[in-house]
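Model the full structure from these sequences, guided by the hints.
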Amino acid sequence: MKVLVTVKRVIDYNVKIRVKPDGSDVDLTNVKMAVNPFCEIAVEEAVRLKEKGIASEIVVVSVGGSEAQEQLRTALALGADRAILVESTANTESLNVAKLLAKVVEQEQPSLVIMGKQAIDSDNNQTGQMLAALCDMPQATFASEVSVADNSVTVTREIDGGLQTLSLQLPAIVTTDLRLNEPRYASLPNIMKAKCKPLATVTPDDLGVTLSAHTQLLGVNPPPQRSAGVKVKSVAELVDKLKNEAKVI
Amino acid sequence: MAILVIAEHDNQQLKPATLNTVNAASQLNQPISILVIGSDCQAVAEQASAVSGVDTVLVADNAAYQHQLAENTAKLIAELASDFDYVIAAGTTTGKNTLPRVAALLDVAQISDIVAVKSADTFVRPIYAGNALATIQSLDSKKVITVRTSAFDAAGTDGSATITPCGLVHANAQSEFVSEELAVSERPELTAASVIISGGRGMGNGENFSLLEKVADKLGAAVGASRAAVDAGFVPNDMQVGQTGKIVAPDLYIAVGISGAIQHQAGMKDSKVIVAINKDEEAPIFQIADYGLVADLFEVLPELESLL
Ligand SMILES: Cc1cc2nc3c(=O)[nH]c(=O)nc-3n(C[C@H](O)[C@H](O)[C@H](O)COP(=O)(O)OP(=O)(O)OC[C@H]3O[C@@H](n4cnc5c(N)ncnc54)[C@H](O)[C@@H]3O)c2cc1C
Ligand SMILES: Nc1ncnc2c1ncn2[C@@H]1O[C@H](COP(=O)(O)O)[C@@H](O)[C@H]1O
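Residue numbers (numbering that gives the first Met the number 0), protein chains in the order written: chain A, 0 to 248; chain B, 0 to 307.
Calculated from the structure, these hints are not laboratory results.
C-beta: ideal position from N, C-alpha, C; glycine also.
Just so you know, not all the hints are guaranteed correct.
Listing some non-contacts, in silico: residues in chain B with all C-beta distances to chain A over 10 Å [what the hints assert, rightly or not]: (1) M0; (2) N28; (3) D54; (4) A108; (5) G155; (6) T156; (7) C165; (8) A170; (9) E179; (10) E180; (11) E185; (12) E212; (13) D237; (14) K278.
To be clear about the criterion: a stretch of chain A counts as covered by chain B if any three or more of its residues have a C-beta under 8 Å from a C-beta of chain B, and this derived list gives those stretches [unchecked claim]: (15) 9-23; (16) 139-151; (17) 201-215.
Derived list of chain A stretches under chain B, where covered just means 3 residues or more per stretch with a C-beta under 8 Å from a C-beta of chain B [said to hold, decoys possible]: (18) 85-97; (19) 108-121; (20) 158-167; (21) 171-182; (22) 233-241.
This is the structure:
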């Protein structure tokens, strides 16, 4: 079966971002970029399905500028078979990304789509669910375990109260949580091989999608800064401060 | 202009998250209806009718909605949304699962996890693990929003809304509930607790969390954890606090053996008072702690328990 995986190019998770002085947006100049960690987990899950002989082909898709080819190559080095870049830098809010991905899904007809649960830049947590609605497919978000049978996929989901297990008919959409797997590192030979794997570029026009803006970013501010307080010397002093100074216990 | 708030519940109890969500919705100064979707959920409808500031409670009570799966509940909400300008849910795993599906069916954006209402169409939400706050204007006529409940107080419960049944049933042949493993705890829920004590990798193992539990019992506190502690299998996933776990803002947050990675801070830095207990004085958690104690947690916790 064919598995489609989405990867988003985002800021590296170790980097602490800064807001531009004019408050228009965050400052991403010269910032280290990477594959969104949840998407890496999605790629890994697909590769494992292929290693088990369940997946026959893994197609990775990204929506973004031409620089997102870098993240697609990373996914190819991790084991994906071919890549599609939907080149679009305007209006890439989640709903529009979902609309573009829906066209790719229509063309590719995958049995399973694996996505990250959230992009660590926007922290939106919505694209997978939106894509599921647009394709009228069932969804299992926040997956920590995935097992594929003939015509269905059984997914354990991390929910607020604990864990929930669902069974979905294929084709279906799964979004990954952190504990689904631990992604491998790409080996040097695989990084070399990835350079020769096919990477196609399409535009929203090619896909027949016209995008309009649904939201407008009015500004970005740094959050209120907390400053370090005091160091206490003993547990007794801590208890005293909490009782008599902070008055929280 | 009217607001539809989706109730968070388990067919028996209305969850406190609904109260925070209604409070956020009330800042839009429009009539509010609550929608309860479930099965055998009349008790929830009655609790919802007591939420202050709510005019109507709509109840879609049908076996098809027992587990509130997104495939059919989203269709129901999208259908009912024709009478409303806002659809709002708590940013819980249920809200996060369902509401984007509703937004896509309505062909509108979803504004996720708002922490402030600026005007009828403009909202503030954290991005980049809370390291920036974005002010976002919705250009859609219908607005689909999830609320970061820790940023809003709870609405009162002295209301008396009318309860109206809603007979619309959408079947779901696409997905099926298999099982559930819910954590049972005598302690308050993380997102509703006024005191939280959390342990990290420094706890060493799961058994050692009993040291935290003893302190928690004295304080009536909930117990949380860092991702490292959950990944290491010390404690279950529902205890994770952070960017990708639960977002909390209690009066008092005590971080024990937690280094304070940005992803962890994202889930707790809005707490009123933060205490950090860590043996490494360079740990980043101390940069945001009101009270820091550089010491070995295995000595501190028993002493803390005895002094409380
Ligand atoms: C996409 C993504 C999302 C993430 N989401 C989250 C999230 O939601 N929540 C989260 O918490 N993390 C999250 N993380 C992980 C995060 O980056 C850190 O790895 C994690 O928070 C570290 O947990 P920790 O502080 O317990 O462990 P460590 O960083 O290993 O820190 C352990 C601390 O314990 C101290 N210690 C050890 N022994 C003792 C002792 N005897 N007495 C006192 N102190 C002691 C050490 O000095 C150290 O500071 C995420 C990461 C990624 C990539
Ligand atoms: N521009 C994009 N290109 C490819 N995948 C994306 C893009 N935006 C979002 N996604 C996918 O959707 C997931 C959730 O993103 P979000 O809803 O923005 O938090 C991500 O983890 C990706 O797998």
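List of violated hint numbers, smallest to largest: 4, 9, 10, 13
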